[in-house]
Amino acid sequence: DIQMTQSPSFLSASVGDRVTINCKASQNINKYLDWYQQKLGEAPKLLIYNTNSLHTGIPSRFSGSGSGTDFTLTISSLQPEDVATYFCLQHNSGWTFGGGTKLELK
Amino acid sequence: QVQLQQSGAELAKPGSSVKISCKASGYTFTSYAMHWIKQTTGQALEWTGYIAPGSGGTKYNEKFKGKATLTVDKSSSTAYMQLSSLTPVDTAVYYCARSRPGYNYFDYWGQGVMVTVSS
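Chains as they are written, first to last, in this note's numbering: chain P, 41 to 146; chain X, 4 to 122.
Hints were generated in silico from the structure; no laboratory data involved.
Nothing here was measured: the structure is a model prediction, and the numbers come from that model.
Hints may contain errors.
To be verified - In silico SDA-like cross-links for lysine to any residue, where the CA-CA straight-line distance does not exceed 25 Å:
{"id": "1", "chain 1": "X", "residue 1": "66", "chain 2": "P", "residue 2": "41"}
{"id": "2", "chain 1": "P", "residue 1": "85", "chain 2": "X", "residue 2": "121"}
{"id": "3", "chain 1": "P", "residue 1": "85", "chain 2": "X", "residue 2": "34"}
{"id": "4", "chain 1": "X", "residue 1": "68", "chain 2": "X", "residue 2": "45"}
{"id": "5", "chain 1": "X", "residue 1": "62", "chain 2": "P", "residue 2": "66"}
{"id": "6", "chain 1": "X", "residue 1": "62", "chain 2": "X", "residue 2": "105"}
{"id": "7", "chain 1": "P", "residue 1": "79", "chain 2": "P", "residue 2": "56"}
{"id": "8", "chain 1": "P", "residue 1": "64", "chain 2": "X", "residue 2": "110"}
{"id": "9", "chain 1": "P", "residue 1": "79", "chain 2": "P", "residue 2": "67"}
{"id": "10", "chain 1": "P", "residue 1": "85", "chain 2": "X", "residue 2": "17"}
{"id": "11", "chain 1": "P", "residue 1": "85", "chain 2": "X", "residue 2": "43"}
{"id": "12", "chain 1": "P", "residue 1": "79", "chain 2": "X", "residue 2": "46"}
{"id": "13", "chain 1": "P", "residue 1": "79", "chain 2": "X", "residue 2": "62"}
{"id": "14", "chain 1": "X", "residue 1": "26", "chain 2": "X", "residue 2": "79"}
{"id": "15", "chain 1": "P", "residue 1": "142", "chain 2": "X", "residue 2": "111"}
{"id": "16", "chain 1": "P", "residue 1": "79", "chain 2": "P", "residue 2": "45"}
{"id": "17", "chain 1": "X", "residue 1": "66", "chain 2": "P", "residue 2": "134"}
{"id": "18", "chain 1": "P", "residue 1": "79", "chain 2": "X", "residue 2": "68"}
{"id": "19", "chain 1": "X", "residue 1": "26", "chain 2": "P", "residue 2": "96"}
{"id": "20", "chain 1": "X", "residue 1": "62", "chain 2": "X", "residue 2": "122"}
{"id": "21", "chain 1": "P", "residue 1": "79", "chain 2": "P", "residue 2": "58"}
To be verified - Derived contacts from chain X toward chain P, CB cut-off under 8 Å, selection only:
{"id": "22", "residue": "46"}
{"id": "23", "residue": "48"}
{"id": "24", "residue": "50"}
{"id": "25", "residue": "98"}
{"id": "26", "residue": "104"}
{"id": "27", "residue": "107"}
{"id": "28", "residue": "108"}
{"id": "29", "residue": "109"}
{"id": "30", "residue": "110"}
{"id": "31", "residue": "112"}
{"id": "32", "residue": "113"}
{"id": "33", "residue": "114"}
{"id": "34", "residue": "115"}
Every residue, glycine too, gets a C-beta built ideally from N, C-alpha and C.
Bound-form chain P, shown alone (with noise of 0.2 Å):
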């Protein structure tokens, strides 16, 4: 089984910062790697997915990066809204997430 090693657990950011978070296969999981985001009592909502395409009606200020074994969610502005945990997803052999990273302003 594919497993998927999240970093950070915890980050605290300003408004306007320059935000990343990363993840780490186990294995070669190709570009199938997605990003979501997770708000407090909501369900996740996709970001990104496979690696770099960004979901209908995000803001341009996500972005994915990676191949391979080792991808990247960058968020080039924090917005306050922007406050919520992170997931990625592998989807290149069945479906693993990652631990997740709860984001929180400074």
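Guided by the hints, dock chain X onto chain P, whose structure is given.
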């Protein structure tokens, strides 16, 4: 617009079963797979399995074989997940989410169902 409307919270006793539902609207139900995802209070997310509504074909996470059973009612565009032989470990929020065949990411999610197993 695409909507996945899940049934209400469940309180069940150990050893019993529950069946939760996910009613789809706003798209062709049989054209998308329906997945089920478990989220425990520690926030960890686990993929449970999926069903292809058109064929009824299923695939399960090995960990949930014998625990979860996925079915659909095409006439009402509703997917179901039955959880059997419940224990406190099954206490979690369960989400349904759809994926387009060949694309495998979850583009729309239900609001989640809280299942609590307690005597």
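A quick look at each hint next to the structure:
1. Using a Cα cut-off of 25 Å, the hinted pair residue 66 of chain X and residue 41 of chain P holds, with the two alpha carbons roughly 11 Å apart.
2. Distance hint between residue 85 of chain P and residue 121 of chain X is unfulfilled; the C-alpha atoms sit about 30 Å from each other, more than 25 Å.
3. With a CA separation close to 21 Å, the supplied pair residue 85 of chain P and residue 34 of chain X stays within the 25 Å bound.
4. Restraint check: the Cα-Cα separation between residue 68 of chain X and residue 45 of chain X comes to about 23 Å, which is no more than 25 Å; the hinted pair holds.
5. A hinted pair counts as satisfied when its Cα atoms are at most 25 Å apart, and residue 62 of chain X with residue 66 of chain P qualifies at roughly 22 Å.
6. Between residue 62 of chain X and residue 105 of chain X the alpha-carbon distance is near 15 Å, which keeps this suggested pair within the 25 Å criterion.
7. With a C-alpha separation of about 19 Å, the suggested pair residue 79 of chain P and residue 56 of chain P falls inside the 25 Å cut-off, and the hint holds.
8. A C-alpha spacing of about 22 Å is found between residue 64 of chain P and residue 110 of chain X, which places the hinted pair at or below 25 Å, so the restraint holds.
9. About 29 Å separates the Cα atoms of residue 79 of chain P and residue 67 of chain P, which puts this hinted pair outside 25 Å; it is violated.
10. Among the hinted pairs, residue 85 of chain P with residue 17 of chain X is inconsistent with the structure: their alpha-carbon atoms are about 32 Å apart, more than 25 Å.
11. Note on residue 85 of chain P and residue 43 of chain X: the hinted pairing holds, with a Cα-Cα distance of about 17 Å set against a maximum of 25 Å.
12. A distance of roughly 12 Å separates the Cα atoms of residue 79 of chain P and residue 46 of chain X; the hinted pair therefore holds under the 25 Å criterion.
13. Restraint check: the Cα-Cα separation between residue 79 of chain P and residue 62 of chain X comes to about 29 Å, which exceeds 25 Å; the hinted pair is violated.
14. Between residue 26 of chain X and residue 79 of chain X the CA atoms are separated by roughly 8 Å; this keeps the pair inside 25 Å, and the hint holds.
15. Only pairs whose Cα atoms come within 25 Å are accepted, and residue 142 of chain P paired with residue 111 of chain X is accepted, the gap being roughly 21 Å.
16. Distance restraint check for residue 79 of chain P and residue 45 of chain P: the Cα-Cα separation of roughly 21 Å lies within the 25 Å cut-off, and the hinted pair is therefore satisfied.
17. Proximity of residue 66 of chain X to residue 134 of chain P is assessed by CA-CA distance (about 12 Å); at most 25 Å being required, the pair is judged to hold.
18. This hinted pair does not check out: residue 79 of chain P and residue 68 of chain X have alpha carbons roughly 30 Å apart, beyond 25 Å.
19. Of the pairs offered as hints, the one joining residue 26 of chain X and residue 96 of chain P holds, with about 22 Å between alpha carbons and a cut-off of 25 Å not exceeded.
20. Among the hinted pairs, residue 62 of chain X with residue 122 of chain X is inconsistent with the structure: their alpha-carbon atoms are about 31 Å apart, more than 25 Å.
21. The straight-line distance between the Cα atoms of residue 79 of chain P and residue 58 of chain P is roughly 19 Å, inside the 25 Å bound, and the hint therefore holds.
22. At its closest, the beta carbon of residue 46 of chain X sits 5 Å from a beta carbon of chain P; the interface hint therefore holds under the 8 Å criterion.
23. Because the beta carbon of residue 48 of chain X sits about 4 Å from the nearest beta carbon in chain P, less than 8 Å, this interface hint is met.
24. With a cut of 8 Å, the hint placing residue 50 of chain X at the interface with chain P holds, because the nearest CB-to-CB distance is about 4 Å.
25. With its C-beta approaching chain P no nearer than about 6 Å, residue 98 of chain X sits inside the 8 Å limit, and its interface hint holds.
26. Of the supplied interface hints, the one on residue 104 of chain X is violated, with its beta-carbon coming no nearer than about 12 Å to a beta-carbon of chain P, more than 8 Å.
27. A distance limit of 8 Å between C-beta atoms decides the matter here; for residue 107 of chain X the minimum to chain P is near 4 Å, and the interface restraint holds.
28. A hinted interface residue such as residue 108 of chain X counts as satisfied when its beta carbon comes closer than 8 Å to some beta carbon of chain P; here the least separation is about 4 Å, so the hint holds.
29. Hint status for residue 109 of chain X relative to chain P: holds, with the closest Cβ pair at about 6 Å, below 8 Å.
30. The closest approach between the C-beta of residue 110 of chain X and any C-beta of chain P is roughly 5 Å, which is under the 8 Å cut-off, so the hint is satisfied.
31. At its closest, the beta carbon of residue 112 of chain X sits 4 Å from a beta carbon of chain P; the interface hint therefore holds under the 8 Å criterion.
32. For the restraint placing residue 113 of chain X at the interface with chain P, the shortest Cβ-Cβ distance is roughly 7 Å, inside the 8 Å limit, so the hint holds.
33. At a threshold of 8 Å, the smallest CB-CB gap from residue 114 of chain X to chain P is about 6 Å, leaving the interface hint in force.
34. Interface restraint check for residue 115 of chain X: the shortest CB-CB distance to chain P comes to about 5 Å, inside 8 Å, so the restraint holds.
In this structure, the hints that do not hold are numbers 2, 9, 10, 13, 18, 20, 26, in rising order.
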